[in-house]
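S.K.: Please dock the two separately framed chains into a single complex, following the hints provided.
Residue numbers (this note's numbering), protein chains in the order written: chain A, 1 to 111; chain B, 1 to 307.
Heads up, some of the hints might be wrong.
Unchecked claim - Pairs of lysine-lysine, DSS-like flavour, derived with a Cα cap of 30 Å: (1) A/Lys-61 - B/Lys-2; (2) B/Lys-23 - A/Lys-19; (3) B/Lys-289 - B/Lys-128; (4) A/Lys-26 - B/Lys-23; (5) B/Lys-197 - B/Lys-52; (6) B/Lys-227 - B/Lys-186; (7) B/Lys-23 - B/Lys-101; (8) B/Lys-211 - B/Lys-289; (9) A/Lys-34 - B/Lys-211; (10) B/Lys-2 - B/Lys-227; (11) B/Lys-211 - B/Lys-23; (12) B/Lys-128 - B/Lys-52; (13) B/Lys-52 - A/Lys-34; (14) B/Lys-124 - B/Lys-197; (15) B/Lys-101 - B/Lys-3; (16) B/Lys-197 - B/Lys-211; (17) A/Lys-61 - B/Lys-101; (18) B/Lys-211 - B/Lys-186; (19) B/Lys-128 - B/Lys-23; (20) A/Lys-61 - B/Lys-211; (21) B/Lys-289 - B/Lys-3; (22) B/Lys-227 - B/Lys-3; (23) B/Lys-124 - B/Lys-52; (24) A/Lys-34 - B/Lys-227; (25) B/Lys-26 - B/Lys-124; (26) A/Lys-34 - A/Lys-61; (27) B/Lys-26 - B/Lys-101; (28) B/Lys-2 - B/Lys-128; (29) A/Lys-61 - B/Lys-289; (30) B/Lys-211 - A/Lys-26; (31) B/Lys-197 - B/Lys-186; (32) B/Lys-3 - B/Lys-197; (33) A/Lys-26 - B/Lys-227; (34) B/Lys-26 - B/Lys-197; (35) B/Lys-186 - B/Lys-52; (36) B/Lys-26 - A/Lys-26.
Simulated from the structure, these hints should not be mistaken for lab results. Quantities reported herein were computed from a predicted structural model and do not represent experimental measurements.
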Amino acid sequence: MEESYQVTEQCSGQTFRCKAGQSILKAMEQQGLKCVPVGCRGGGCGFCKITVLNGDFECGKMSRVHVPPEAIEQGEVLACRIYPLSNLIIECRPQPAGRLASEHTTTKVLR
Amino acid sequence: MKKGVMRPGHVQIRVLDMDEAVKHYKDLLGLIEMDRDDQGRVYLKGWTEVDKFSVVLREADEPGMDFMGFKCLDEDVLGQLRSELLERGCEVEDIPEGELKDCGRRIRFIAPTGHAFELYATKKQTGKWGVGNHNPEAWPRGLEGIKATRFDHCLLYGPNLDETLDLFRDVLGFDLAEQVIAPDGKRVAQFLTVSTKAHDIAFIHHEEPGKFHHASFFLETWQDVLKAADLLSMTDTSIDIGPTRHGLTHGQTIYFFDPSGNRNEVFAGGDYHYPDHEPVTWDAEELGKAIFYHDRVLNERFLTVLT
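If we strip away everything but chain B, and leave its shape as in the complex, we get (with noise of 0.2 Å):
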């Protein structure tokens, strides 16, 4: 059932070396440099979306995901939900106006796979960039490198799965759309949404908790991705793998690096879901075929490079 979670609204990503990374989110990926903090932190945006931002960059020791913020409808449903998660036994964290620039109050919270998650429900509306929503254009002149439109989802991996669903489907109101289940019956990865996109955030099982398998990023077309793992080549960006087919999702696909060394993904399709579906289910002897349609083998990376 809907209970007012509509988006993810933002992803914070440790970075390296500040510099080195604008300019992969910037130049290569395409996202729009849209302000910086006094803590020296880049906020971007993919040219369609319509909030200030969605991508935050800190630089650190160590690269990873700091916290990734879903948008929810107003602040009552924002108040609403965390009088649930305090009642659910959750630790909230209360953050402050500001604290993010053009940001509302945020609710952040550890699920069980030990990310931090966050809602909020104001942010700063600055319009899809270039266009506008007044008679606008198909797209905007001056995008660069891979022109991502949106930032999509994240794959995180970590710990107590069930737990973690459970939360995400009681408290929050998002569906299971797809999962892999193991010969044991244990859901070893779960793909869950909050809209009718196959996938707002998934999972998959890792005996150490917190950790960030990639940020994807939306894309139109096949021809977008092919051109995508052009760029990667004429930059010599890292790549992981593709471009190829999910079997999961069944989206087109491909996988590289940061250089800092978190993954990205950029895509195009994919399944829908909606709330009278049931979900979709692999056996985790398929996984070779569930996560790289083509190939059907594992990539051994794919499943143990983390960051």
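Chain A extracted, bound-state conformation (with noise of 0.2 Å):
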């Protein structure tokens, strides 16, 4: 059987498998759970942003806007582009004040 790692978001605590070599934001988005935002799914908007409080992890490119490289340390990654080593811990806190909630009041004046 093909090799999977659990993951549980803890704020949801949702949980669910995601395979070697998968991000975890498609596992999750497969298994039609919304605990994560989804945003480009290319390490680009910072949508997906998460902290991993436990396990291992490969990383792809992202946006060094979003995730400097001091963050990686911290664990605080964007969900389409980490790749599980073991079962994980995340946690994807509501956004942050600042940028992302000048967009959301743009939302709102648009509506």
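M.R.: Here's what the structure looks like:
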């Protein structure tokens, strides 16, 4: 059987399986879950930012604006660009104030 | 009033991984690779385009758009527009001939939305790829993937839409073809044209300056849009939304992302605009229908996911 790992998102308590070599965002989407917001799926927009609290993973390329090198050290990464090497506990916090908050303000204006 | 700006001529897009990006823009979107330079930039174009290139990819740590360029009628027009930009108080940067391969001098300025734009008048013309202009056949063999015919426009997000419209209309000769107006009377989206196309450049209001929403490429038919969707699924490419129709411009469309998260559009059809036409206006309350004519509901991602 193909190797897979368990990913647990702490805020929602949701758990899903992720195959080795698959991004955890893709695994989440395939299982119909929504505990992490889905953006470009290409490491560019920063929408799916999470913190990995526990576990090992590999990273693909991510926009430096959203994930500076020091953030990776803290486990602050984009779910579309991380590939588990063990079971993972992640946390997807509500979007921080500042830049994303202003985006939401814009959305309200447009509505 | 037309000022001698002809059309969108090029866009330089930042990508995180050049090999993946070339695969996307060449093999999937179907652009033709025309050249590379010693900075590692890759030059591409749609097969119907007469000039040598329209898309330039540059590898960087952060995706997004470096600049968009408009081609002008000739070098005299370019000089005139440079003076008018300076008179207007714009800071102008002169980029020497050859900085982009086979492209003449470029005049760069920053729009009030925070985006870098360029004007230029000279670029090597290699002709329509595979057919030329002498007894040309209908289309060339050997096109790949979605077979995008040409780079058409960009949609950009940033602040100061009024000042940007004034600059593009008064100095560069664009017309306002379509707009979205909020209940308080504020214009929150503007689609500008310098031709008879529904848009050559579009802006949506956003607090953060200089954000890139998408670069768009033209297809001939709705069937081509559907086949593009098939190819996106076949290659497991990230789709944003579609195939569907826009209310704004009424084009038939699909949105998707390149491997660095930059949004692309391919579309067919769409309205036309002449300088004597009043702008088409959508109320912000109808924005769902204005953007996605069939769903009539906004996709949050369309409004907020940017590079």
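S.K.: Next step is simple, just say for each hint if it's right about the structure.
M.R.: Here's how the hints hold up against the structure:
| no. | hint | result |
| --- | --- | --- |
| 1 | A/Lys-61 - B/Lys-2 | violated, 44 Å |
| 2 | B/Lys-23 - A/Lys-19 | holds, 25 Å |
| 3 | B/Lys-289 - B/Lys-128 | violated, 37 Å |
| 4 | A/Lys-26 - B/Lys-23 | holds, 21 Å |
| 5 | B/Lys-197 - B/Lys-52 | holds, 22 Å |
| 6 | B/Lys-227 - B/Lys-186 | violated, 38 Å |
| 7 | B/Lys-23 - B/Lys-101 | holds, 21 Å |
| 8 | B/Lys-211 - B/Lys-289 | holds, 23 Å |
| 9 | A/Lys-34 - B/Lys-211 | holds, 26 Å |
| 10 | B/Lys-2 - B/Lys-227 | violated, 37 Å |
| 11 | B/Lys-211 - B/Lys-23 | holds, 24 Å |
| 12 | B/Lys-128 - B/Lys-52 | holds, 9 Å |
| 13 | B/Lys-52 - A/Lys-34 | violated, 44 Å |
| 14 | B/Lys-124 - B/Lys-197 | holds, 24 Å |
| 15 | B/Lys-101 - B/Lys-3 | holds, 26 Å |
| 16 | B/Lys-197 - B/Lys-211 | holds, 23 Å |
| 17 | A/Lys-61 - B/Lys-101 | holds, 28 Å |
| 18 | B/Lys-211 - B/Lys-186 | holds, 20 Å |
| 19 | B/Lys-128 - B/Lys-23 | holds, 22 Å |
| 20 | A/Lys-61 - B/Lys-211 | holds, 20 Å |
| 21 | B/Lys-289 - B/Lys-3 | violated, 34 Å |
| 22 | B/Lys-227 - B/Lys-3 | violated, 38 Å |
| 23 | B/Lys-124 - B/Lys-52 | holds, 6 Å |
| 24 | A/Lys-34 - B/Lys-227 | holds, 29 Å |
| 25 | B/Lys-26 - B/Lys-124 | holds, 21 Å |
| 26 | A/Lys-34 - A/Lys-61 | holds, 23 Å |
| 27 | B/Lys-26 - B/Lys-101 | holds, 19 Å |
| 28 | B/Lys-2 - B/Lys-128 | holds, 26 Å |
| 29 | A/Lys-61 - B/Lys-289 | violated, 36 Å |
| 30 | B/Lys-211 - A/Lys-26 | holds, 25 Å |
| 31 | B/Lys-197 - B/Lys-186 | holds, 24 Å |
| 32 | B/Lys-3 - B/Lys-197 | holds, 16 Å |
| 33 | A/Lys-26 - B/Lys-227 | holds, 24 Å |
| 34 | B/Lys-26 - B/Lys-197 | holds, 25 Å |
| 35 | B/Lys-186 - B/Lys-52 | violated, 40 Å |
| 36 | B/Lys-26 - A/Lys-26 | holds, 25 Å |
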